[in-house]
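Asks: Here is how the chains run, residue by residue.
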Amino acid sequence: GENVEQHPSTLSVQEGDSAVIKCTYSDSASNYFPWYKQELGKGPQLIIDIRSNVGEKKDQRIAVTLNKTAKHFSLHITETQPEDSAVYFCAAKGNNAGNMLTFGGGTRLMVKP
Amino acid sequence: DVKVTQSSRYLVKRTGEKVFLECVQDMDHENMFWYRQDPGLGLRLIYFSYDVKMKEKGDIPEGYSVSREKKERFSLILESASTNQTSMYLCASSGPNRNEQFFGPGTRLTVL
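Line order of the protein sequences matches chains C and Y.
Take the first sequence: its position 48, counted from the start at 1, is 48 in the numbering used here, and no numbers get skipped.
Take the second sequence: its position 105, counted from the start at 1, is 105 in the numbering used here, and no numbers get skipped.
Same shape as in the complex, but just chain Y (with noise of 0.2 Å):
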């Protein structure tokens, strides 16, 4: 089985901190993603990579930035948390066909 792993389930940070949230998936897959889900709005996507070192921006990039130095491992950064950023963040990857995404189960982030 596919297996998307994230780092924490639940944080809670403070306006102005930096934030890592990190994925691990374990099929080895080239594609992973970031996604911010928010009632109404879906899953709204934030960056993807399709290699190690490569990054391209989603729909909402801004205040978000990435890094994927190893294949597995996709991790998503907030250099600065504003509380607009409060939502659950889920990482997805997936196989050369980039068609079916496999998710994580999710980070619910909180910024006071």
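So here's chain C without its partners, still in its complex pose (with noise of 0.2 Å):
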């Protein structure tokens, strides 16, 4: 099955600076990778996503970028806001059974006034 590997596993960043947070997974035929935040409580919501036949996408002051030969893919945050400080996770959509997503280790990222 996929299998997907979440670096770092904390990131501490001055407010202002950008950070970068990446994922690499296993299966080739995954087409879909999409990136969950946590805040303090609360469950994982979806930030943004990315499909296969694209190389990057962006909104606002984040952006994925997805590079399928070397199966590896990355969230950027810009201008980060002591309001970004939450649990980011990657996923990749596999192609096992039901398409079921697969989930990183996740990120903790803090960011500091």
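In short, the hints are calculated from the structure, not lab data.
From the three backbone atoms N, C-alpha and C, an ideal C-beta is built for every residue, glycine too.
Errors might be hidden in some of the hints.
[Stated by the list, open to error] Examples of chain Y residues lying across from chain C (beta carbon under 7 Å, computed):
#1 Ile77
#2 Leu78
#3 Pro105
[What the hints assert, rightly or not] Just a sample of chain Y residues kept apart from chain C, beta carbon distances all over 12 Å, derived:
#4 Gln6
#5 Ser7
#6 Phe20
#7 Met27
#8 Glu79
#9 Thr83
#10 Glu100
#11 Leu112
With the hints in hand, could you dock these two chains into one complex?
Replies: See the structure below:
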């Protein structure tokens, strides 16, 4: 089945700096890659996603890039703000039964004011 | 707004007890999921259901069962709770395209 690795597990940045979180996946047939943000005391919420026919997608301060050849994708957050502090999860929709999502281990992002 | 609710935010049970975790969604979604979340391990799928009375095993089904008698409700059952089932449990639902999943706030279960 699909395996998703996520790095780093924790990331601390100064407010205004950029943050990058990287994920690799194992199933070359995976075709959908979402990113979820989990704030304290809440369930994860989708913030951006990318499909395999696109190399990059941007939504205001967040962007995701995908390299299908290397089987990795990244989340980029620019001009970080304290409210960006949360746990971020990447995921991949593999070619397994039911096309379920496989999640990475998560990254705790801390933005210091 | 999609709303996924879970019956308890915090739950403390004793080893050997039978535990029921309830999840309800209000968007008429076909698909529902149960995950457990542990530090460093991300979200691991326990069971999912794509229709009433249908269920499929996820990656870590051992020690768990599920029930889906109504479309809006998906229950996770721990037949005999053990300490290694202490975790955060997240329920999610999704519509027909199965892409975006909407999560509940989670139930933090402690088994003593």
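Asks: Against the structure shown, which of the earlier numbered hints fail to hold, in ascending order?
Replies: 1, 2, 4, 10
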